Every structure is written in structure tokens, then in C-alpha cells.
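> Read off the chains here:
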Amino acid sequence: MEKNRRDGSFYINPYLGGVLLGLVLFATYYITGRGLGASGAVKNTVVTTVDVIAPAHAEKSHYYSKFLNENSSPMNNWLVFEVLGVMAGAFLSGTLYGRLKLKNEHSPKIKPRTRLIAAVAGGLMFGIGSQLARGCTSGAALSGLAVLSASGMITMLGIFGSAYLFGWLFKKLWI
Amino acid sequence: MTGPLIPMEMIPDAWNNVIAVLLGMAFGFVLEASGFSSSRKIMGTFFGYDFVVLRVFFTAAITSMSLIIYFDYMGWLDASMLYINPYYVTSAIIGGLVMGVGFALGGFCPGTSFCGIAIGKIDAMFFTAGLFLGIFIFSEMYPLIETMYNSKNLGGIKIYEMMGMGRNIFAFLLIVVAIAMFYIAGYVEKKVNKVEY
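Chains as they are written, first to last, in the working numbering: chain A, 1 to 175; chain B, 1001 to 1197.
Next up, chain A with everything else stripped away, as it sits in the complex (with noise of 0.2 Å):
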């Protein structure tokens, strides 16, 4: 047993993730008292980086100016710092089950360029859509049900319901 969950293979019982991740959204609930998110950090970087670039513009755009102010940088992030958390959680959980391996993974049917191309421009609709929402699946869809939030409902069957339509529709790229 131990022999094979160290070949990348191994994947803890989903039920029981689902009960972890939900601990964990509960304990930063109870302790911020606000959800868990992914792509306001993503955000906070592009406003940081255009106002290092181009201050005056980012003073002037009604977007950019939203998340600045003159007291801290946007980096100075909750969010941020959650981000840099997950990514070293997660590189734990791939050394711990062998999985630590550049890989480019897509359907035997596609070249993988063709796979690179689709995950840019699956990326740049997500963040897009992300500003829409006011949030992604982690910090609208996630944490909004948690809360029984009417938004976060929304934006989860949107996304679900959207996904599996166009998931269709893109079934080359998977299978």
C-alpha cells in the first residue's frame, strides 16, 4: 500500500477532501470572517503591476483605482498571501504522493500545442469572467454557497451549467 501511494496515483477519498476543504473554509469563516479565493490574487498582481508601469493610468482607470490606495500596496493582499499557501500546500501534497512531474496533460487526440493555445484562452476567459462574478469558483461559487449567498448560487449554476455545455462542445480537448 505504501509503495503505491507514492507513484502519483493515490488521491485521498473525495468525500473525505470534501469534508477537509469544508473545515477549512469553515476555520477561515470563523477566523476572517470572510471565504476562501483564488482569483482576486491574480487581480491584485495586475493592478500592482500597471500601477508600477503606468501609475497615472491606473489612478485614472475606475477599475484599477477601486484597489489602490496610498497606504499599502495591493500585495498587502489577504488573498495573495492565500495563494502563495495553496501553491505551497499543494507542492506538499505532490512531493508527499510522488506527483511532482512537468507534465503537459490533454487528450491523445490533440497535439499538445493545440492544448497550450485552449488553457490561454480557457485562462482568459476565467478571468473575465472572475471580475464579472466579483469571484471564481473558490471565492463567488464555494465560499457564496457556504453562506447561502444568492450570488454565489448563481454564479455556481452558471459555471457548472455553462461548463457542461461547452465542455461538449470542446470533448476533443479531454477525451
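In case anyone wonders, no lab produced these hints; they're calculated from the structure. Incorrect hints may have been included.
To be verified - No farther apart than 25 Å at their CA atoms in a straight line, the calculated lysine to any residue pairs in the SDA-like style are these:
| id | chain 1 | residue 1 | chain 2 | residue 2 |
| --- | --- | --- | --- | --- |
| 1 | A | K109 | A | L96 |
| 2 | A | K171 | B | I1093 |
| 3 | B | K1190 | A | I175 |
| 4 | B | K1158 | B | T1147 |
| 5 | B | K1194 | A | L16 |
Just so we're clear, the structure is a prediction, and the values are computed from it rather than from any experiment.
Got chain A sorted already, so can you dock chain B onto it with the hints?
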């Protein structure tokens, strides 16, 4: 101690970022250990060959929801102090639909792509590059969509309020629906051909 601890000033604000890293580590560990660092495992939910996303997502949602309701009932947590995302009807719906397209194309969501990067997934790195690009494009196009983005704000409304139901009844129904989905998922998985990945 009555939560939420930091807003109640039970823990000094200086600990906030340390706590962020620790909670993030637990979040990332559970996601990776459940298989969310693999795009083809994630996409299994949409083709029926592996429902891990559905199982983990809804188990997590009903677990944390139940704990919040229980702690609130016992007086250990003031649930009214928890942050609720404001419901801007138009942009929440369009945003969700656009993210679904991104999911189907990219195979990750932002949180899972960070897990993928951490263990060396090249597709996750390209997805995250797209994420930066998308948020940049959105920000630059903001003047064009500002009106839509800010329209129809219903504030931090709850689902059960919108449906005119009690909180606990709704929570119970959500748990029943989740269990029904787990049952159906197990049935579908048996019918669908295995995909090797």
C-alpha cells in the same frame, strides 16, 4: 470565543497574513490530494468518467454551511458578520457563463491552476498566464462595461430569502439534493467508459 475572530478583535490584525498563508496551505493541500491538480481529472465531472469535482465541491459546501449554521445557533459565531458577496444580477449570471466557457476550454479554475503549477503542470502555467491576460483585458475594457457591471444590485441577499424560505429548511434541502447528486454520479460513473489519464 465568539467568531469571526479577527473582525471581533479576538486575534490581532497583525496575524491576518500569517493565518492567510496557513489556511491557504491547508486549502492547497486538500485540493491537490483530491486530484484537482489534474485538468483531465477535473474535466471528468463534465463527461461522467470521474465525478471528483462534484463530490468534493458539494461535500465541502454542505460541511461548511452546516458548521456555520450550528455555530451560529450555539452562539459561537455571529453569522450576520460574515461577508456576503453582493448580488449584481446581470454581471453574476454573465460572469458565471463566461467562466464556464473558460472551464471547458482550460480544464482548470484559478485555485486549481495554482495547484497544478505547484506540481509542474505546464497546461496550468499557460492557463494562469491566460488568467492574468483576461483580468488585464477586463480592466482595460472596464469603461465599456461599467454600467452593466454595476446594474441590478440586490446587495448581500441570501438564496433562501430570495426564494421566500427559512434558512434551515433550505439548508436541509441542499443537503438532500447533494446526496441525490452523489448517488446519481456513482450510477453514471459505472455506465460511462473509463478514460485513462
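> Hint by hint, note whether the structure agrees.
How the hints compare with the structure:
1. K109(A) - L96(A): violated, 31 Å
2. K171(A) - I1093(B): Roughly 24 Å between the alpha carbons, so the hint for K171(A) and I1093(B) holds.
3. K1190(B) - I175(A): Judged against 25 Å, a Cα distance of about 17 Å means the pair holds.
4. K1158(B) - T1147(B): Between K1158(B) and T1147(B) the Cα gap is close to 24 Å, so the pair holds against 25 Å.
5. K1194(B) - L16(A): holds, 23 Å
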